[in-house]
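Colleague: One letter stands for each residue in the lines below.
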Amino acid sequence: MRPFTYTRAKDATSAIKLLAENPNAKFLAGGTNLLDLMKEDVERPNALIDISELGLTDIKTVTSGANKGGLSIGGLGKNTYAANHPLVRQNYPLLTQAILAGASGQLRNMATNGGNLLQRTRCPYFYEVSMPCNKRQSGSGCGAKEGINRMHAIFGWSEQCVAVYPSDMAVALAALDAVIKVRSTSGQERSIPIAEFHRLPGDQPEKDTNLLHGELITSIELPQNRFADKSYYLKVRDRASYAFALVSVAAALETQGNKIVQARIAMGGVAHKPWRALKAEQMLVGKDATDANFKLAADAEMADAKPLEHNKFKIELGNRSIVLALQMAMKVGKA
Amino acid sequence: MKDTNKTIGTPISRIDGIAKVTGKAAYSMDHPVKNPAYAILFKSTVAAGTIRDIDSAAAEKAPGVLGVITHKNVSKLNVKGGLRGGALLQSPEIEFYGQNIGIVVAETFEQARYASRLINVTYDKKEPKVDFNKVADQARLPKDKEKADAIRGDVQTALSQATHKVEEVYETPIEHHHPLEPHAAIAEWNGDNVTLYSSAQIVNGAQSAAAATLNLKPEQVRIVSPYIGGGFGSKGGQWANLALAAVAAKHVNRPVKLALTRQQMVNSVGMRQHNRQKVSLAATSDGKLTALAHETTTHCAINDEFVEPCGDCSKIMYDTPNSLITYRVVPMNLILPTYTRGPGKSTGSFALESAIDELAYKLKMDPIEFRIKNEPERDPSNGKPWSSRTTVQCLREGAKAFGWEKRKLEPRQNERGNYWIGYGVSAGTYPAHQRPTSALVKLKRNGEDVTATVELAAADLGTGTYTILTQTAADALGLPIQNVTVNLGDSNLPPAAGAVGSVGAASYANAVNDACEKITQELMTKSGKQYYVRPTAAQLMRSEKLIDYQTRVDSKPPESAEEYSAHSFNANFAEVAVNKSTGMIRVNRFLAVTGAGQILNPKTARSQIIGGNVWGIGMALTEESVVDPRWGNFVTRSFADYHVPSNLDIGTMEAIFIKEKDEHVNTLGVKGIGEVGIVGVAAAVVNAISNATGKRVRDLPITPDKVL
Numbered sequence: 001m002r003p004f005t006y007t008r009a010k011d012a013t014s015a016i017k018l019l020a021e022n023p024n025a026k027f028l029a030g031g032t033n034l035l036d037l038m039k040e041d042v043e044r045p046n047a048l049i050d051i052s053e054l055g056l057t058d059i060k061t062v063t064s065g066a067n068k069g070g071l072s073i074g075g076l077g078k079n080t081y082a083a084n085h086p087l088v089r090q091n092y093p094l095l096t097q098a099i100l101a102g103a104s105g106q107l108r109n110m111a112t113n114g115g116n117l118l119q120r121t122r123c124p125y126f127y128e129v130s131m132p133c134n135k136r137q138s139g140s141g142c143g144a145k146e147g148i149n150r151m152h153a154i155f156g157w158s159e160q161c162v163a164v165y166p167s168d169m170a171v172a173l174a175a176l177d178a179v180i181k182v183r184s185t186s187g188q189e190r191s192i193p194i195a196e197f198h199r200l201p202g203d204q205p206e207k208d209t210n211l212l213h214g215e216l217i218t219s220i221e222l223p224q225n226r227f228a229d230k231s232y233y234l235k236v237r238d239r240a241s242y243a244f245a246l247v248s249v250a251a252a253l254e255t256q257g258n259k260i261v262q263a264r265i266a267m268g269g270v271a272h273k274p275w276r277a278l279k280a281e282q283m284l285v286g287k288d289a290t291d292a293n294f295k296l297a298a299d300a301e302m303a304d305a306k307p308l309e310h311n312k313f314k315i316e317l318g319n320r321s322i323v324l325a326l327q328m329a330m331k332v333g334k335a
Numbered sequence: 001m002k003d004t005n006k007t008i009g010t011p012i013s014r015i016d017g018i019a020k021v022t023g024k025a026a027y028s029m030d031h032p033v034k035n036p037a038y039a040i041l042f043k044s045t046v047a048a049g050t051i052r053d054i055d056s057a058a059a060e061k062a063p064g065v066l067g068v069i070t071h072k073n074v075s076k077l078n079v080k081g082g083l084r085g086g087a088l089l090q091s092p093e094i095e096f097y098g099q100n101i102g103i104v105v106a107e108t109f110e111q112a113r114y115a116s117r118l119i120n121v122t123y124d125k126k127e128p129k130v131d132f133n134k135v136a137d138q139a140r141l142p143k144d145k146e147k148a149d150a151i152r153g154d155v156q157t158a159l160s161q162a163t164h165k166v167e168e169v170y171e172t173p174i175e176h177h178h179p180l181e182p183h184a185a186i187a188e189w190n191g192d193n194v195t196l197y198s199s200a201q202i203v204n205g206a207q208s209a210a211a212a213t214l215n216l217k218p219e220q221v222r223i224v225s226p227y228i229g230g231g232f233g234s235k236g237g238q239w240a241n242l243a244l245a246a247v248a249a250k251h252v253n254r255p256v257k258l259a260l261t262r263q264q265m266v267n268s269v270g271m272r273q274h275n276r277q278k279v280s281l282a283a284t285s286d287g288k289l290t291a292l293a294h295e296t297t298t299h300c301a302i303n304d305e306f307v308e309p310c311g312d313c314s315k316i317m318y319d320t321p322n323s324l325i326t327y328r329v330v331p332m333n334l335i336l337p338t339y340t341r342g343p344g345k346s347t348g349s350f351a352l353e354s355a356i357d358e359l360a361y362k363l364k365m366d367p368i369e370f371r372i373k374n375e376p377e378r379d380p381s382n383g384k385p386w387s388s389r390t391t392v393q394c395l396r397e398g399a400k401a402f403g404w405e406k407r408k409l410e411p412r413q414n415e416r417g418n419y420w421i422g423y424g425v426s427a428g429t430y431p432a433h434q435r436p437t438s439a440l441v442k443l444k445r446n447g448e449d450v451t452a453t454v455e456l457a458a459a460d461l462g463t464g465t466y467t468i469l470t471q472t473a474a475d476a477l478g479l480p481i482q483n484v485t486v487n488l489g490d491s492n493l494p495p496a497a498g499a500v501g502s503v504g505a506a507s508y509a510n511a512v513n514d515a516c517e518k519i520t521q522e523l524m525t526k527s528g529k530q531y532y533v534r535p536t537a538a539q540l541m542r543s544e545k546l547i548d549y550q551t552r553v554d555s556k557p558p559e560s561a562e563e564y565s566a567h568s569f570n571a572n573f574a575e576v577a578v579n580k581s582t583g584m585i586r587v588n589r590f591l592a593v594t595g596a597g598q599i600l601n602p603k604t605a606r607s608q609i610i611g612g613n614v615w616g617i618g619m620a621l622t623e624e625s626v627v628d629p630r631w632g633n634f635v636t637r638s639f640a641d642y643h644v645p646s647n648l649d650i651g652t653m654e655a656i657f658i659k660e661k662d663e664h665v666n667t668l669g670v671k672g673i674g675e676v677g678i679v680g681v682a683a684a685v686v687n688a689i690s691n692a693t694g695k696r697v698r699d700l701p702i703t704p705d706k707v708l
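Residue numbers (the working numbering), protein chains in the order written: chain A, 1 to 335; chain B, 1 to 708.
The following block holds chain B by itself, in its conformation from the complex (with noise of 0.2 angstroms):
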């Protein structure tokens, strides 16, 4: 008896998509719970210095308010618990403005706030480090072996004999992951024991952090995330906001719901740092490369180090005998950056395929001709060999579905009344990895029907975990999704990976379908049959007329995964139209062709990938975080100044993919989808505005003052 049809590979819509709009699914704030209090974070005004004193009496008298916590009262937590950014209230010490320095816990949300305004800081203020033009050249090697210098053949040779090179500098400013959700957490204490209702992408790392910042045992902690309202990388680490949560609550012996505003938001969960990224390429007349040097200069907190990984994609993606790869970095008193969607690739891809764009005018080869010319046959950067590598595909499957063939080679060649349109093109990848993960499956038989649960402690971002778990389990288990229940993010249920570096669909979907296969395996042999047609696990409830039946799994990447350098891969396409007189862009037309193995559901997976080309987009026209250089706040607080793309600005967007069976990567031949669908993105668009306009900005965002 045939149960269903196979699932995986079709655009099945998003289980938990109706409980999502119509309110029911709870996100950090909407868990009940009994009695609770509302806490606010007031923050540092200056960003560097001592607080000399807070006082709070004014607060502490103000109707509702239940305590006032700053470094002066709060208990000792451990600052090198895992939490990242510090701001722990643990000392009077200011490193950055809008650091935290106190917390106000009232009977309301709006008491809080206004209490919190009633407190007076005095501080000793030092001069801050805050302008990263002033302070560039202090920059130093980082500390993370992982970037250190990187260095092939001799670069500087080969420039200076070249015949064509381009030597450029490209800059991408501060952005904020700015999730729809911010950062918000519940804290209620049972004891010595704390459920953290929360929002994280990684469940058991935001267990351990908290744990032991709180100076208690990980089993002490509880994690519950069910939904995440986005994170895009700031909640992958935690922050301090999560253990102050639980200190609130600590304090006033109550339940405490502590969530950030919008404005705190720039200052309290990391950011992406600019990065000040040289670009050498140099190629003989007829195309081929024979240098390529990346070289990012960031800045990074204080007394913490985060330096975005600019120089990856420079590293794999084009066949060079000579690579220079290096990163420097200054400390300054902003808050410490951190993963932010495609860490370095979406930034090291804009200043790298924008060169190469570059170089492609200045030979007069097309561009998407001139890369697949040094298109590298083994990973250059280990000489592993690709478990598979589709940038060919995606250039030339992409050039044909966006109607390359219409580019004008030289720029400024096509206008459509007042607009010059123009064309774009990039490459892009992003490492493939599988997570330890493990899975829980829980079988129940009524009559003729089997049910199946499946848990771990997965995250869901907003981007279809529950989906294509539930295909993942109901093929693998022969049942309709209807009777598949996937539940994730909580830490009482079986440790799994992060939904973090693209790792989340390879690691969740493979740890589901081997624990599926455990539990069918098991049931054969508890039959003590012999099957010639391999029976579904349903099937094997039934004809063994079990009830309840369930196995765990621990699973882990096949150990051949190490012999292969994995990746995802793409190419953008983008048509632009540029207004001669204002300047004002408008994305017309977006192609993304990615290659990443098995895509579990299109649907979800178009979403994901086009999700990521806005933000591209926006890197490449709108979003920037300002900072003003004389006192290091922000100045763009709020969406009414960080602007990410509107409806308007862009036109079509289509998504393809790319189909192919990656037999080393992982059992299921998943890829991951979460970041590669921003890399690249923002240089096809700015390629896009080089071929319309003949003007190459290298500042981002491209706002219409700059293509004047």
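Chain A on its own, in the form it takes in the complex (with noise of 0.2 angstroms):
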């Protein structure tokens, strides 16, 4: 890897001014994922600031604002701390599923729910630096869409790149419309609804998030809800454990009787971003909770899936992974 400095930040207001005063610094919380790219030469900061001492790790009730009542979460807390703590399991069990349907316990104990909201996307072309890729270096063309992109996105791609974000976690966040709290050098808090917190490719693929550089995640906030009995995710992938997903779905219902009062569905291995299919949530509410209604909404949203040359099977799977996910959420409920 390059040389880089390497400082430990004592507390946030510290940590956020070393950043702000270095357009070429970066944070190191977990590593699981800046640290490879590095090795890679993929990323080139020249100073890390390590944030791993700054607290930021509670779990709690949110007790005002708009989230009140609600759950927040640590940015800086471990992947599995927060898919175990009883707040979480007992009220938003579909984000426990997705954050353990992701990585291996090990990295899941390393990683930080801030961190893996900025992972970068798994696009062979992305790591390889002998390889073009606009994301990686503005300008150099996209190696995958052309290429071997079985992997890739089928929805809101560009031209530019086809790459698909890998966090199952920011999934399940895009389901339960989380927010996430970040804090600048003013020291004030900006509020990030989690479906612009993710950029899709455009014209800027080197820009995965609308985090502003300088600003710290400090906590994601998840709205009450009444999903926790009926909420499933379900990731589809080439193997049980340690692969990314070839598609996954966060799925959640609120029913009266057998009738959908609100429906949320987000799909990852998709897009560039956790990719929220309105179209079929839509079709679901006010609907009743049946097979084949689970089937007609599925059709609505894979209807505008625009698959590369590898990934033509992930309309099918997309359309089946939609089914199954609500019918599961009907089924099993809590994690």
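Bear in mind the hints are in silico, worked out from the structure with no lab data behind them. We put the beta carbon where it would ideally sit given N, CA and C, even for glycine. Some hints could be false.
To be verified - Label-pair ranges, simulated between beta-carbon atoms:
1) A/E189 to B/G417: 44 to 50 angstroms
2) A/G202 to B/E410: 39 to 45 angstroms
3) B/G694 to A/G202: 42 to 48 angstroms
4) A/A303 to B/G417: 52 to 58 angstroms
To be verified - Just a sample of chain B residues kept apart from chain A, beta carbon distances all over 10 angstroms, derived:
5) N193
6) E369
7) H643
Make the complex out of the two chains shown on their own, each in a separate frame, by following the hints.
Modeller: Pasting the structure below:
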């Protein structure tokens, strides 16, 4: 890796200041993705600011503001802790399932919640510096679009980039309408709805998120909901553990009798951001929770998919996965 | 006085287990040397062409850098010295993506890696041949005479006259060995002699190839390789990195450590090639095979050839009057393929045993009965009698243990919730050979306490060589195992066969046994006494009051072994569950039944068999190295992309060994188990998926999208 300075920040204020002062600096939290990318020469920060001792790890009930009564999850808490916290398991089992579907036990023990949101794509052309990649090197081209693209996007891709965003956790957060709290040098906190946190690639695939340089993710807020007994995270992958999603679906339903009052569906492995299946959701609200209606909703969502050469299967798989996740949400419920 | 009970055949734990789990066992990079420098290879980023220039000025000035070696300043090496795959920096020509084009040596690994990224290489590019689908039709007859067309009878006529037949093409992708320990070497010069601490499946082979490549005599090179963190064939023949470590050490006049990164493994140390296998079978309506053709098309390197013997199982597994085995190969701009666990047999058995299963469905026969009906009495390829053959026993005992009678003859008849359940079976084989191996036995006595040291340049891949040789020596000398020390993996020790081709256990254990027999005989002679009950060597050391005694043997296989066709055999049973919605597949149960003669240690043997099974399941379901068809680079360069099965993918694994005594194969009756454990495994899984879903997939791996 390239030479860099290493500073262990003592508090959030000084960490943010250090980062803001240097456009080539990066925060280091769990390091499960950043350090790998540095070894491969993909990430080339000249300074690392270690934020692993800042605190910001608590999980607690939100006592004020828009999400009062919801849950606040510390940005620097570990994935394992978040997945297994009783308040998460009880009230947001979808999040527990999604986190536990990602990576391995060892990685989840290191990885932080904020860091998980900032994972970079696993596109192999992004990872190998001798390959063209607009995300890594603006203007160098996209190696995947005409190359090997079985794992790539079917929604929202651009000519510049067909990569997918790899997180499982964020797919559940998208379904749960999470809000990302970030702090900048001003000391003020800003709230970014999860739907606006990650970006589609467009003409700027190098930008994964709308987080500004100098901002620190302090917490993730989950609004209260009534999904806890009817939600399910389905992850379809090439092996049962430690593999990124071919397609994943976070599904959550609120029903009265058999009638769907509210539906939330988000997909992973299909786009440059967690893909909220709004069309499918709209199809379901007010309808009965039947297999036929689930299928209609899945058809509606997948109708817009635009596959690449090697990922045409994701349309059928996405369709089936939406149906299965909804069925499982009705059947299984809690984590 | 009885010194000990026999330990051969008992499941003792690994002798070296504690050293390994406590980090005391020294692998390649762990050996202490004074003041080492660190080297890293850098590699081509085109698959074909010529290097126009390498600008290393910035790298040479980078912190800690001690030297940069390229084709412009490298010493003259012998490219025909026996190292595989070329890439020795001897010319500016590029034959595959990721070919070694230089070395950076620095004070630390990180400094070397950083500097390697400051090097600017320009190329005169050529259009590479990297898309197998585009060039497969240019494939030609291999140069290797073993791969000449093998024809018995008239397959074409038999096929055209058959009422029941299968003619299908089966594809297996490129795979990589990816041992947990990447290839690494420490080179330490002492005058004109060099010691290479490395990881070698063939210690003496590594010595001679490194010496020849470096233009040295074999005795000027010492290979030290006491432990190997997995090899699977990639550390059999050695590769450029071994000699380049020595070149780098000479260049900086210091010991040098050179390790490959995981990402570099895909284009440094060989691979299993993509095989396109056409299998044609014909049978009478009552299930007697009348024809078997196995035609393989594959690829090799631009200037070197290696072809997996995919037709090997087809040559001997079934009795058929008409048989055809052929190979065709096309050179491509990819690294030289090489021996990979169960070379040819693992991939070839996938094709053959899938086709057998397909034909059994057409015949509406149980696939076990179909196989047994075509059991050959002698080796069909050469007419020799079997030293022993256990295929029928493996199938019958396995069927009973597995509950095969619960299998539905028709597919898609067994469902459990949202899953299709299916059962699959296959049979397999791997040759059993003993190779010449020498061994030294040294005895010492201190009072009543006799200890033995056994030495040979054998390799322990992590499979238990230390353990089985300790058992062999202890039994043969009449000592408890704690009084036996085994030293391996050093070319200064008596020469030994490699741990390759499943010859390790048979070659090493027989050599050690012969050495122990010899020392006992010598001690009896030395005593000048007549014995009615043969004493042990330990007893003789005590009765003759000897302090030290040693002897060496050069052991060879029995001449009579040539008169027989000697193989290990197996049968594999798989139960899979296929998710009806998502296509995700889980192997619920896997059973391997193996007939491999005398099993020296059932515990290490079981581990070795289920290890092979897991790899076979990986072949069926997950493993694939993907080449970009435009540029020739592998896009699967880490364990995040190159999937081996995880614990969650597989449920229960069971290994059963057939009790058999092979009187002909060698003195101890030992056959190999290193590779037979992977043979047929993929087919058993694929056949189970077909039984579950009714879908026959003929290109591996079977990822969820292929069964949707």
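Colleague: Compare the structure with each hint and give your call.
Modeller: Here is what the structure says about each hint:
{"no.": "1", "hint": "A/E189 to B/G417: 44 to 50 angstroms", "result": "holds, 47 angstroms"}
{"no.": "2", "hint": "A/G202 to B/E410: 39 to 45 angstroms", "result": "violated, 52 angstroms"}
{"no.": "3", "hint": "B/G694 to A/G202: 42 to 48 angstroms", "result": "holds, 44 angstroms"}
{"no.": "4", "hint": "A/A303 to B/G417: 52 to 58 angstroms", "result": "violated, 30 angstroms"}
{"no.": "5", "hint": "N193", "result": "holds, 35 angstroms"}
{"no.": "6", "hint": "E369", "result": "holds, 34 angstroms"}
{"no.": "7", "hint": "H643", "result": "violated, 5 angstroms"}
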